[in-house]
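**Student:** Residue numbers 32 to 458, in my numbering, belong to the letters of the sequence shown in order.
If you're looking for bench data, these hints aren't it; they were derived computationally from the structure. Quick caveat: nothing in here was measured; it's all calculated off a predicted structure.
Taking lysine-lysine pairs in the DSS-like style, the calculated list, with each CA pair at most 27 angstroms apart, reads: (1) Lys329 with Lys101; (2) Lys250 with Lys222; (3) Lys101 with Lys250; (4) Lys250 with Lys156; (5) Lys286 with Lys156; (6) Lys441 with Lys411; (7) Lys101 with Lys222; (8) Lys101 with Lys156; (9) Lys411 with Lys433.
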Amino acid sequence: MGQNGNPMRFQSPRGTEDVFPPASDRWLWLEGEFREQCRLFGYGDIRTPTFEDTELFLRSSGETSEVVSKQMYSFLDKGGRDITLKPEGTAPVVRAVMEHGLYAPGNVLRLSYVTPIFRYERPQKGRLREAHQVGIELIGSSSPEADFEVILFTVGFYERLGLSDVVVSLNSIGRVQCREAYRGAILDHAKGYLGSLDAEIRAKVERNPLRLLDSKDPKAAEVIAGLPSILDFLEPESAAHFARLQSLLDFERVKYRVEPRIVRGLDYYTDTVFEVVSERLGAQSSLCGGGRYDQLMKELGGPEAPSVGVAMGVERALIVLESMGASPPVGTPSAFVVCAEDSLREEAWRLCGELRAASIACQLDVEARSLRSQLNQANKVGARVVAILGPEESAEGSVTLKQMESGEQKRVSRGCFVEEVANWLGL
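Whenever a hint applies, use it, and build me the whole structure from the sequences.
**Tutor:** The following block contains the structure:
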């Protein structure tokens, strides 16, 4: 009971959503398309815990990142352990690979995941406190062709969903020496402006100047506008890597644009970083983000393992599909078995079983309502074919089939009714 004596009305926590039919059918369809893309590219599924030791994200994402400094759901459990609901998927995958010895230097490991992530931020369209991602990690290759494969996978996945107007925003942030030189250039350029920035942003920039580039503060935008391009600071090896990646994208005619201001919000990235954007999302135009993280496993105490990956937002992709008026498949039953008399219910259940054994989705009214009510229910759930079983049909070993859209009816023998239903459904 509530404080005023009235029954409490429980609601989902702010920044979370309940997903149920028909929306959940679209989620399952999207996840199915992702898993098929993984099969085609050879990525195996990995599942990691919903929560991890907080230190994993402090070391991987960087203490000055927005995720760590503001957005993590962290708490002490009953054993006094510092725990965090995972805010991203890559660090847990790398931790699992290290813990279970899944990677051996010289080999290439391809892994995929479907996971919720948790970030405490202001809820808005396409940005929730509990969101969902699908992603892949290619571990063990420093080749630009690995970057190309991940981008090709990503663009191909969105094409599978019907999103053909996406564009890849691409950048290289180089390696350690490059970033150190660029950090110095940022500080040199920004020192005259630091006093005008918010104190929190100023502290972040002083600790890691690259954080200026992903700041959303309007005053920071003025500083960013006058910065030199990080591409001018790339070492020859990084520049060659980036040039080769672009030549591969050009060869495959992948739509992309070089965006020197993209650095991504996590500190583990090296060399290639990218986002896939759609103007249909408005201000939050990024569908997904990814990049290369060659030092992450080593920094977490494992072997050196050059790697590249991407995380794709489920909710954001569905928002874009909705804005296009797209209608992904909805999981309605193909057939509905109608039983005219209670004495025939066991036989009706057997008909359902025969249809399902042939991979034809069907339903039977479990309330044993009137014939008319059952037909109304079949129409309500979107069944395309109804199989009617009455005393006459039972006596002669037949079934009456009705095509709901056209109203056409015919009686068929029990021996071929499954085949007839399949023909009417175009299977």
